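**Q** Chains as they are written, first to last, in our numbering: chain A, 1 to 119; chain B, 1 to 114.
The set of hints was computed from the structure by calculation and includes no laboratory data. Don't take every hint at face value.
Heads up, simulated SDA-like pairs for lysine to any residue below, C-alpha to C-alpha not over 20 Å straight-line [as the list claims (entries may be wrong)]:
1. B:Lys101 with A:Val54
2. B:Lys57 with A:Ala30
3. B:Lys101 with A:Ser95
4. B:Lys59 with B:Asn24
5. B:Lys106 with A:Leu46
6. B:Lys101 with A:Asn51
7. A:Lys44 with B:Ser7
8. A:Lys44 with B:Lys57
9. B:Lys101 with B:Val50
10. B:Lys101 with A:Lys78
11. A:Lys44 with B:Lys59
12. B:Lys70 with A:Lys78
13. B:Lys101 with A:Leu46
14. B:Lys106 with B:Thr84
15. A:Lys44 with B:Glu38
16. B:Lys101 with A:Leu96
17. A:Lys44 with B:Leu86
18. A:Lys71 with B:Leu86
19. B:Lys106 with A:Asn51
20. B:Lys56 with A:Ala30
21. A:Lys44 with B:Ala92
22. B:Lys56 with A:Asn51
23. A:Lys44 with B:Lys56
24. A:Lys44 with B:Leu113
25. A:Lys44 with B:Asn24
26. A:Lys78 with A:Ile12
27. B:Lys101 with A:Ala30
28. B:Lys101 with A:Thr31
29. B:Lys101 with A:Lys83
30. B:Lys101 with A:Ile12
31. B:Lys101 with A:Asp56
Just so you have them, the derived chain B footprint on chain A, three or more residues with Cβ under 8 Å [what the hints assert, rightly or not]:
32. 17-27
33. 65-71
The structure presented is a predicted model; accordingly, all values stated were derived computationally and were not measured. Just so you know, even glycine gets a beta-carbon here, dropped at the ideal spot from N, CA and C.
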Amino acid sequence: EAGVAQSPRYKIIEKRQSVAFWCNPISGHATLYWYQQILGQGPKLLIQFQNNGVVDDSQLPKDRFSAERLKGVDSTLKIQPAKLEDSAVYLCASSLDHELAGGPRETQYFGPGTRLLVL
Amino acid sequence: TQLLEQSPQFLSIQEGENLTVYCNSSSVFSSLQWYRQEPGEGPVLLVTVVTGGEVKKLKRLTFQFGDARKDSSLHITAAQPGDTGLYLCAGAAFDGKRDDKIIFGKGTRLHILP
Chain A
1 EAGVAQSPRY
11 KIIEKRQSVA
21 FWCNPISGHA
31 TLYWYQQILG
41 QGPKLLIQFQ
51 NNGVVDDSQL
61 PKDRFSAERL
71 KGVDSTLKIQ
81 PAKLEDSAVY
91 LCASSLDHEL
101 AGGPRETQYF
111 GPGTRLLVL
Chain B
1 TQLLEQSPQF
11 LSIQEGENLT
21 VYCNSSSVFS
31 SLQWYRQEPG
41 EGPVLLVTVV
51 TGGEVKKLKR
61 LTFQFGDARK
71 DSSLHITAAQ
81 PGDTGLYLCA
91 GAAFDGKRDD
101 KIIFGKGTRL
111 HILP
């Protein structure tokens, strides 16, 4: 079974430029997550989709970050304009569903991430 | 604000030694997960614990969830170089608005010397 695919793997841009990341989740997974992982820290959830609807975007800096999952499959995360503090690894994860009824959270499968450096 | 504190931040030990890393919080979690992340890769789930006091074993790794569901530990017996990596704990807690919200600790970076 193919895992979560992300591209590009690396991106270097200058501040105030725009950048976009792409994620293809595991086939059949309804839930998709974007995380930001700053060096030396754990992943921080930016946005969670259930099919093509947003479940949680409370930690997404909406003045510069946007994400979409138009057909409930692939997703893109965009930063416009980028700031120095956006340098991080952006991880995409997917799960069959965000939780089983009455059970623990479904397993999230992570992609390899996109490493962004803003100069 | 819910926080997960992991300790130690860094640990470097010789192959064959035992070690324990900790994940602590003042919040109660409905479940807690441990992940291992290797350089250039995303985190990989090792285990999910749900019940207070629960103990789960995965080969040489033993995971324990605290009785009050606020803390957890990971014990590795006879560490091997392949255990090297970043160990992350992640807790799921009801935030009053939606089913559950998952937060990650900063991780323990483990290096096993051959």
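**Q** Any of the earlier hints contradicted here, and which numbers?
**A** Violated hints: 2, 4, 8, 10, 11, 12, 18, 19, 20, 22, 23, 24, 29, 30, 32, 33; rest satisfied.
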